[in-house]
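A.B. asks: From first to last, the protein sequence lines are chains G and H.
Its first residue numbered 25, the first sequence is counted upward by one per residue in the numbering used here.
Its first residue numbered 25, the second sequence is counted upward by one per residue in the numbering used here.
If you're looking for bench data, these hints aren't it; they were derived computationally from the structure.
Heads up, some of the hints might be wrong.
Since the list gives no way to pick one copy over another, a pair counts as held whenever it fits inside one copy or between any two copies.
Lysine-lysine pairs mimicking BS3-like chemistry, simulated, CA-CA at most 27 angstroms apart [stated by the list, open to error]:
#, residue 1, residue 2
1, K323, K121
2, K135, K323
3, K133, K332
4, K135, K306
5, K299, K128
6, K299, K135
7, K251, K128
8, K211, K128
9, K128, K273
10, K273, K211
11, K273, K121
12, K161, K233
13, K306, K323
14, K306, K121
15, K323, K233
Since this is a predicted model, take the numbers as computed values, not measurements.
There are 2 protein chains.
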Amino acid sequence: MVKKTQGVEPLAIGIDIGGTNTKFGIVDEVGNILFSNDMSTRVHKDVNSFIDELYNNLHPFIEQAGGIGRIKGIGVGAPNGNYYTGTIEYAPNLPWKGIIPLGKLIEDKFKIPAIITNDANAAALGEMMYGAAQGMKDFIMITLGTGVGSGIVANGHLIYGHDGFAGELGHTIIIPDGRLHEGTGKKGSLESYASATGVRLTALEFLEKSPKPSLLRALPQDSIDSKAVHDAAMEGDELAKEIFEYTGKILGIALANFVMFSSPEAIILFGGLTKAGDMILKPTRESMENTLIQVFQNKVRILVSHLKSADAAILGASALVW
Amino acid sequence: MVKKTQGVEPLAIGIDIGGTNTKFGIVDEVGNILFSNDMSTRVHKDVNSFIDELYNNLHPFIEQAGGIGRIKGIGVGAPNGNYYTGTIEYAPNLPWKGIIPLGKLIEDKFKIPAIITNDANAAALGEMMYGAAQGMKDFIMITLGTGVGSGIVANGHLIYGHDGFAGELGHTIIIPDGRLHEGTGKKGSLESYASATGVRLTALEFLEKSPKPSLLRALPQDSIDSKAVHDAAMEGDELAKEIFEYTGKILGIALANFVMFSSPEAIILFGGLTKAGDMILKPTRESMENTLIQVFQNKVRILVSHLKSADAAILGASALVW
């Protein structure tokens with residue numbers, strides 16, 4: 025059911041494509057989400073079947089909101105989404121390989137303009153317009169979900185780079201020859217440690233190498249994920265806490281490197297891993313400060329996004345339209 | 025002797041402060057260097073004595089050029105130089121510790137406006153106006169000298185960050201818990217490997233650990249520096265070549281990380297280490313490409329600056345004035 029709106033102000037559709045799920049919604053110009061929902065990304069091995077389901081999900085609500093004529097455009101945040109070309113290119117965490125002309129496919133189906141960007145760039149726009157980064161001109165958004173995404177704002181503008189692909193901080197190498205990333209084949213990237221996937225792998229490693237007792241040992245291996253580690257740590261499990269400390273230490277080194285690149289006012293963290301709160305934030309902050317040279321120390325705030333997860337992604341994507 | 029100029033077009037002074045030497049010159053608006061010279065930075069433990077010598081060196085040539093009234097301003101590139109505040113703050117490679125109000129000291133002495141920036145930012149401006157980056161809107165300048173400096177241009181503008189200190193890529197950590205940097209106390213930074221200092225330390229390590237014969241073994245330890253390694257490699261010395269390969273491998277990982285941050289069109293390398301040519305560039309390129317995820321591969325040019333060293337620094341610093 026679309027919430028009632030007054031008059032005929034233009035609306036925008038915001039779509040956030042993640043490796044697991046896709047969130048979508050209809051948003052007005054001041055950031056009210058009139059309707060939102062989600063669907064599985066993963067089940068659609070073919071991008072056309074994905075777009076068909078997306079259309080079928082959205083169509084009744086577009087009609088209810090006054091028809092497609094009232095929708096100014098569609099903003100899409102997607103892994104490896106390219107602002108300049110409207111394509112998704114070689115996204116390791118999506119089921120569609122190669123170069124996908126997502127913008128064109130959406131425009132052909134919905135018959136209105138579509139604008140694509142990196143999912144984390146969209147999140148950064150959402151934070152700048154409606155969230156923790158309001159008023160900031162230099163900040164970095166890091167999303168800690170299934171993967172690690174990033175959006176970088178400098179001088180008040182998103183950094184897209186010469187080809188539209190800037191801001192892939194999850195793939196920067198923090199530990200050369202470190203843990204293998206199954207999706208990229210590269211070793212030691214931030215994403216292979218500081219994502220939900222990374223926390224699960226760290227847990228499995230720690231359980232094998234450490235003699236310590238742990239609540240996690242009672243679980244079948246398939247059930248050991250970042251949520252299980254979180255639950256165990258909340259009950260005081262020492263090994264679970266060490267897993268977050270290790271994750272935070274690596275994340276902190278990465279954040280320090282990013283600070284020494286663009287010297288942001290703040291780093292905004294977003295996503296599932298931030299739910300661990302100080303269990304991960306404290307070692308992250310300590311490690312970042314220890315890694316920074318003096319001129320950067322005690323200056324950069326690490327903030328956790330206070331936007332609701334689904335809202336932030338949809339708002340950020342819709343912000344591309346305005 | 026100041027070269028003859030026509031008319032009374034305004035001139036600028038460009039000053040490049042390095043850890044060892046300071047270069048300075050008088051430049052016209054189209055990039056002709058009318059006069060240039062250099063002096064030692066290192067001998068001046070007190071910044072005031074440094075500025076006195078700088079003034080005494082420049083003064084006769086300012087008079088010859090038509091007096092201070094003809095000089096529009098002074099641009100200064102210096103390690104940890106801050107564009108916003110005109111200060112040098114905690115520069116590990118300079119003899120002056122803490123926060124130095126360099127801009128104010130220069131203005132008080134010369135009685136004309138002074139603009140300060142990071143030495144590598146100045147070099148980036150020089151490349152953008154007169155060098156290999158002409159016409160580029162997204163590139164990264166890396167200076168490989170005594171230390172490693174960097175200037176980052178995105179969307180056609182230098183990235184200064186919220187506090188003016190962006191672009192300290194030499195201090196990003198490439199090998200956590202790696203080699204100690206004497207100046208910063210941090211371990212495993214790019215600068216501790218991919219600078220002249222780093223090459224010397226790698227050479228000493230390799231000579232100790234490897235059983236291989238090497239021309240370098242004939243030299244007293246104090247004479248083993250990046251030039252000696254270069255000379256030995258040019259004569260086919262295997263160990264010397266391995267030192268450059270190792271250096272290039274680490275530099276390549278770092279460059280890949282920077283590419284995944286701001287997705288530049290090119291990386292411009294500058295400074296002493298580039299004289300090793302393909303002995304360092306080939307492993308650097310290979311390591312960069314191997315580290316990049318697919319979407320960035322075979323896109324980013326690694327270029328060597330073709331500006332003369334002294335000219336580039338002075339031109340870049342003077343470009344701050346225009």
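A.B. asks: Confirm or reject each hint.
C.D. replies: Hint check:
1. K323 <-> K121: between (41 angstroms within a copy, 19 angstroms between copies)
2. K135 <-> K323: neither (47 angstroms within a copy, 33 angstroms between copies)
3. K133 <-> K332: Intra 29 angstroms, inter 56 angstroms, cutoff 27 angstroms: neither.
4. K135 <-> K306: Neither, since 48 angstroms and 49 angstroms both go past 27 angstroms.
5. K299 <-> K128: For K299 and K128, the Cα distance exceeds 27 angstroms both inside one copy (37 angstroms) and across copies (48 angstroms).
6. K299 <-> K135: neither (39 angstroms within a copy, 56 angstroms between copies)
7. K251 <-> K128: Result: close neither inside a copy nor across copies, 37 angstroms intra and 55 angstroms inter.
8. K211 <-> K128: neither (34 angstroms within a copy, 48 angstroms between copies)
9. K128 <-> K273: neither (42 angstroms within a copy, 40 angstroms between copies)
10. K273 <-> K211: Result: close both inside a copy and across copies, 18 angstroms intra and 14 angstroms inter.
11. K273 <-> K121: Cα proximity of K273 and K121: none, with 33 angstroms in one copy and 30 angstroms across.
12. K161 <-> K233: Neither: 45 angstroms inside a chain and 49 angstroms across chains, both beyond 27 angstroms.
13. K306 <-> K323: within (16 angstroms within a copy, 38 angstroms between copies)
14. K306 <-> K121: Classified as neither; 38 angstroms inside a copy, 30 angstroms across copies.
15. K323 <-> K233: neither (37 angstroms within a copy, 41 angstroms between copies)
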